[in-house]
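Following the hints, put chain B in place on chain A, whose structure we already have.
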Amino acid sequence: MPSLKELKDRIGSVKSTQKITKAKQMVAAAKLRRAQASAEAGRPYAVRLSAVMASLAGKVSGDSAPKLLAGSGSDQRNLLVVVNTDKGLCGGLNSNIVKAAKAKAQELQAQGKQVEFYLVGKKGRAPLKREFEKAITGGFDTSAVKTPGFEEADAISAELIQMFEDGKFDVAHLIYPTFQSALVQNPTVNQLIPVPSPEVSDDGGAVVEYEPGEEEILEALLPRYVKTQVFGALLEREASEQGASMTAMDNATRNAGDLINKLTIQYNRSRQAAITTELIEIIAGAEAL
Amino acid sequence: MALHFELVTPAKQVRSEEVHMVVVPGSEGEFGVLEGHAPFMSTIDDGAVQVFKSAGGEPELINVKGGFAEVSENGITVLAEHVEA
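From first to last, the protein sequence lines stand for chains A and B.
Residue numbers for the first sequence follow numbering that gives the first Met the number 0, beginning at 0 and rising by one.
Residue numbers for the second sequence follow numbering that gives the first Met the number 0, beginning at 0 and rising by one.
No lab work stands behind these hints: they were computed from the structure.
Source: prediction; values computed, not measured.
Some hints could be false.
Said to hold, decoys possible - Subject to a maximum C-alpha distance of 30 Å in a straight line, what follows is the list of computed BS3-like cross-link-like pairs (lysine-lysine):
#, chain 1, residue 1, chain 2, residue 2
1, A, Lys98, A, Lys128
2, B, Lys52, A, Lys30
3, A, Lys86, A, Lys145
4, B, Lys11, A, Lys23
5, A, Lys133, A, Lys30
6, A, Lys145, B, Lys11
7, A, Lys103, A, Lys66
8, A, Lys4, A, Lys18
9, A, Lys58, B, Lys11
10, A, Lys30, A, Lys145
11, A, Lys66, B, Lys64
12, A, Lys145, A, Lys21
13, B, Lys52, A, Lys145
14, A, Lys128, A, Lys23
15, A, Lys30, A, Lys86
16, B, Lys52, A, Lys86
17, A, Lys145, A, Lys128
18, A, Lys167, A, Lys103
19, A, Lys103, A, Lys133
20, A, Lys121, A, Lys103
21, B, Lys64, A, Lys58
22, A, Lys86, A, Lys58
23, A, Lys121, B, Lys11
24, A, Lys7, A, Lys18
25, A, Lys133, A, Lys86
26, A, Lys98, A, Lys23
27, A, Lys133, A, Lys98
So that you can see chain A by itself, here it is in the shape it has in the complex (with noise of 0.2 Å):
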């Protein structure tokens, strides 16, 4: 049995414990509406972007098609971006991120193939280089910036073309979770490089005119559609951060609260007990004389 002092001690630290949770709980929810919102403004882009993709893609020829679109004629090599946060607090997220990347090396392992992987975000490199030490090539480093922008993205797209080209990997494959409200964050798979054919889209047959040319512009447009599909991850990333933070601290919240409950029950037990006690030793004194 823990002395008064103790259990009023133990209380006072839950105690400020819930108010860490709780004002942890409100800075999420603000910045989930922001990140949100940053979601929603990016998504006008990348739907231009690819329906553009798709117009150009279908008219481009096998042969002719750059390498980025093609591939390097080879799927041995696969590079695993796992995008991560960099905070934790966030419940399970990065813990499911995680799982998703470790099935999907396994599945590559077991056709045979290499994988190696590219981290984003801190949180994903301890877990990630406990079982595959050897196999992590490279990362890029978000903590520094507040919220990670499009130069973020810039430089990692970057970073991966520039591998791609000097032929370090195949196939490129982004591992990120999709925000779909504050309770659900889905780890996604997709596949980054070779950039997947986009569905032909009929136009109507109308005759465009490209300047420079189809494959010119094919060629600046790839890069920058890599581009665009790490800033979306980047996003998503965000909010769904913030997302399961809030779920998270909510639950930390009230799990608080219910300990409070019971200490404090527990708290005001023992006093009564031991006033009764003082009560019974002054009676039993005033009876003995």
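Same frame as chain A, now just chain B:
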């Protein structure tokens, strides 16, 4: 007789409005787009997009960096990576 003009960056949709004419700094020379232009696509150089709200009026300049322009029967769409208002 208005031309639908859209300017989109990865961060947000900057413009979506009806204008008279847009002059775009294409990589093979500037070109102006009026309503009813034939379908056309071009990469663009860093520079200013000139937006003419009405015929003969003063153009509004929007500096863009990196991207391309697409002209279709629905109007002109400029996809740019950076926009300086």
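Status of each hint after checking the structure:
1. Annotation: proposed proximity of A/Lys98 to A/Lys128 holds, straight-line Cα distance about 13 Å (limit 30 Å).
2. Note on B/Lys52 and A/Lys30: the hinted pairing is violated, with a Cα-Cα distance of about 37 Å set against a maximum of 30 Å.
3. Proposed proximity of A/Lys86 and A/Lys145 is supported: the alpha carbons are some 11 Å apart, at most 30 Å.
4. Restraint check for B/Lys11 and A/Lys23: the C-alpha separation of about 28 Å stays at or below 30 Å, so the hint holds.
5. A threshold of 30 Å between alpha carbons decides the hint, and for A/Lys133 with A/Lys30 the separation of about 36 Å lies outside it, so the pair is violated.
6. A distance of roughly 19 Å separates the Cα atoms of A/Lys145 and B/Lys11; the hinted pair therefore holds under the 30 Å criterion.
7. Between A/Lys103 and A/Lys66 the CA atoms are separated by roughly 24 Å; this keeps the pair inside 30 Å, and the hint holds.
8. Of the supplied pair hints, the one linking A/Lys4 and A/Lys18 holds, its CA atoms being roughly 21 Å apart against a limit of 30 Å.
9. With a CA separation close to 29 Å, the supplied pair A/Lys58 and B/Lys11 stays within the 30 Å bound.
10. Using a Cα cut-off of 30 Å, the hinted pair A/Lys30 and A/Lys145 holds, with the two alpha carbons roughly 12 Å apart.
11. A C-alpha spacing of about 25 Å is found between A/Lys66 and B/Lys64, which places the hinted pair at or below 30 Å, so the restraint holds.
12. At roughly 22 Å between alpha-carbon atoms, A/Lys145 and A/Lys21 fall within 30 Å of each other, so this suggested pair holds.
13. Of the supplied pair hints, the one linking B/Lys52 and A/Lys145 is violated, its CA atoms being roughly 38 Å apart against a limit of 30 Å.
14. This hinted pair checks out: A/Lys128 and A/Lys23 have alpha carbons roughly 29 Å apart, not beyond 30 Å.
15. Between the alpha carbons of A/Lys30 and A/Lys86 the distance comes to roughly 14 Å, so the proposed pair stays at or under 30 Å and holds.
16. Only pairs whose Cα atoms come within 30 Å are accepted, and B/Lys52 paired with A/Lys86 is rejected, the gap being roughly 47 Å.
17. With a CA separation close to 25 Å, the supplied pair A/Lys145 and A/Lys128 stays within the 30 Å bound.
18. A hinted pair counts as satisfied when its Cα atoms are at most 30 Å apart, and A/Lys167 with A/Lys103 qualifies at roughly 19 Å.
19. Between the alpha carbons of A/Lys103 and A/Lys133 the distance comes to roughly 17 Å, so the proposed pair stays at or under 30 Å and holds.
20. Straight-line distance between C-alpha atoms of A/Lys121 and A/Lys103 comes to about 20 Å, which keeps the hinted pair within the 30 Å bound.
21. Simply put, B/Lys64 and A/Lys58 have alpha-carbon atoms about 26 Å apart, close enough for the 30 Å limit, and the pair holds.
22. As the CA atoms of A/Lys86 and A/Lys58 are separated by approximately 44 Å, the hinted pair breaks the 30 Å bound.
23. With a CA separation close to 27 Å, the supplied pair A/Lys121 and B/Lys11 stays within the 30 Å bound.
24. Taken as a hint, the A/Lys7 and A/Lys18 pair is honoured in the structure, with Cα atoms around 17 Å apart against an allowance of 30 Å.
25. Restraint check: the Cα-Cα separation between A/Lys133 and A/Lys86 comes to about 24 Å, which is no more than 30 Å; the hinted pair holds.
26. Taking the CA atoms of A/Lys98 and A/Lys23, the gap is near 26 Å; set against the 30 Å cutoff, the hint holds.
27. Restraint check for A/Lys133 and A/Lys98: the C-alpha separation of about 18 Å stays at or below 30 Å, so the hint holds.
Of the numbered hints given earlier, the model fails hints 2, 5, 13, 16 and 22; all others are met.
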